[in-house]
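Could you put together the complete structure from these sequences and hints?
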Amino acid sequence: MTKIFPVYFSMQTAIPIVLALTYPGATTAFGSAGAAGIVGVLDPDNRWLVLAPIAAIFLTGVANLAVVGPATTKCMKERKHQETKDGKKSYDAPPHSQEMTALNKRFSQLHGISSLLNLGNLIAAVAYGFTLASRLD
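Heads up, the sequence shown is in full-length UniProt numbering, so the first residue is 1 and it goes up one at a time.
Please note that a few of the clues may not be correct.
[Unchecked claim] With a straight-line Cα cutoff of 25 Å, these simulated DMTMM-like cross-link-like pairs (lysine to aspartate or glutamate) come out: (1) Lys88 to Glu78; (2) Lys74 to Glu99; (3) Lys74 to Asp92; (4) Lys74 to Asp86; (5) Lys88 to Asp45.
[What the hints assert, rightly or not] Label-pair ranges, simulated between beta-carbon atoms: (6) Val39 to Lys80: 42 to 52 Å; (7) Pro24 to Pro95: 34 to 44 Å; (8) Gly120 to Pro24: 36 to 46 Å; (9) Val62 to Gly129: 17 to 27 Å; (10) Ile113 to Tyr91: 29 to 39 Å; (11) Trp48 to Ile17: 18 to 28 Å; (12) Thr22 to Ala102: 41 to 51 Å; (13) Val7 to Lys77: 17 to 27 Å; (14) Gln109 to Val39: 19 to 29 Å; (15) Arg106 to Pro44: 16 to 26 Å; (16) Ala36 to Lys77: 43 to 53 Å; (17) Tyr91 to Gly129: 31 to 41 Å; (18) Gly120 to Ile4: 12 to 22 Å; (19) Arg106 to Leu132: 32 to 42 Å.
If you're looking for bench data, these hints aren't it; they were derived computationally from the structure.
All values reported here derive from a predicted model rather than from experimental measurement.
All residues carry an ideal CB built from backbone N, CA and C; glycine is no exception.
What follows is the structure, given as structure tokens:
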């Protein structure tokens, strides 16, 4: 897991950059009517349907990559170390040492925060997908 999640969170961070750079400009029967790329994303008319979802995807990815992911990995390592001290796995039936109980609680909190960030990322991606789909003829 410590190898998979950094790749996943890196992709969560990089993909919205690619989405912003490749944003298709609006077209009409007479040619292009709206700016493409980053200029189109930053257009005030696109603030809520394009910029907000792409920014949300990016920010949730960065939060997981730079803050929550490393904190969770650190907590997992501390739990492994505590398992060695206690002679008991973190997921074994209670009772646990006070240290392991605190580490399990901290891990649960971090895991929950990461899950909420992933849910926000998914919702923003689906919202942006609806925006793109609404432009199909």
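Here is how each hint holds up against the structure:
1. Lys88 to Glu78: 13 Å, holds
2. Lys74 to Glu99: 15 Å, holds
3. Lys74 to Asp92: 20 Å, holds
4. Lys74 to Asp86: 18 Å, holds
5. Lys88 to Asp45: The given pair, whose Cα atoms are some 58 Å apart, is violated under the 25 Å limit.
6. Val39 to Lys80: 42 to 52 Å: The hint (42 to 52 Å, Cβ to Cβ) holds, given that Val39 and Lys80 are roughly 49 Å apart.
7. Pro24 to Pro95: 34 to 44 Å: 59 Å, violated
8. Gly120 to Pro24: 36 to 46 Å: 24 Å, violated
9. Val62 to Gly129: 17 to 27 Å: At roughly 21 Å between Cβ atoms, Gly129 and Val62 fall inside 17 to 27 Å, so the hint holds.
10. Ile113 to Tyr91: 29 to 39 Å: 20 Å, violated
11. Trp48 to Ile17: 18 to 28 Å: 20 Å, holds
12. Thr22 to Ala102: 41 to 51 Å: The hint (41 to 51 Å, Cβ to Cβ) holds, given that Thr22 and Ala102 are roughly 46 Å apart.
13. Val7 to Lys77: 17 to 27 Å: For Lys77 against Val7, whose Cβ atoms are near 19 Å apart, the range 17 to 27 Å holds.
14. Gln109 to Val39: 19 to 29 Å: 41 Å, violated
15. Arg106 to Pro44: 16 to 26 Å: 42 Å, violated
16. Ala36 to Lys77: 43 to 53 Å: Holds, at about 45 Å.
17. Tyr91 to Gly129: 31 to 41 Å: 37 Å, holds
18. Gly120 to Ile4: 12 to 22 Å: 20 Å, holds
19. Arg106 to Leu132: 32 to 42 Å: 39 Å, holds
Hint check: violations occur at hints 5, 7, 8, 10, 14 and 15; the rest are consistent with the structure.
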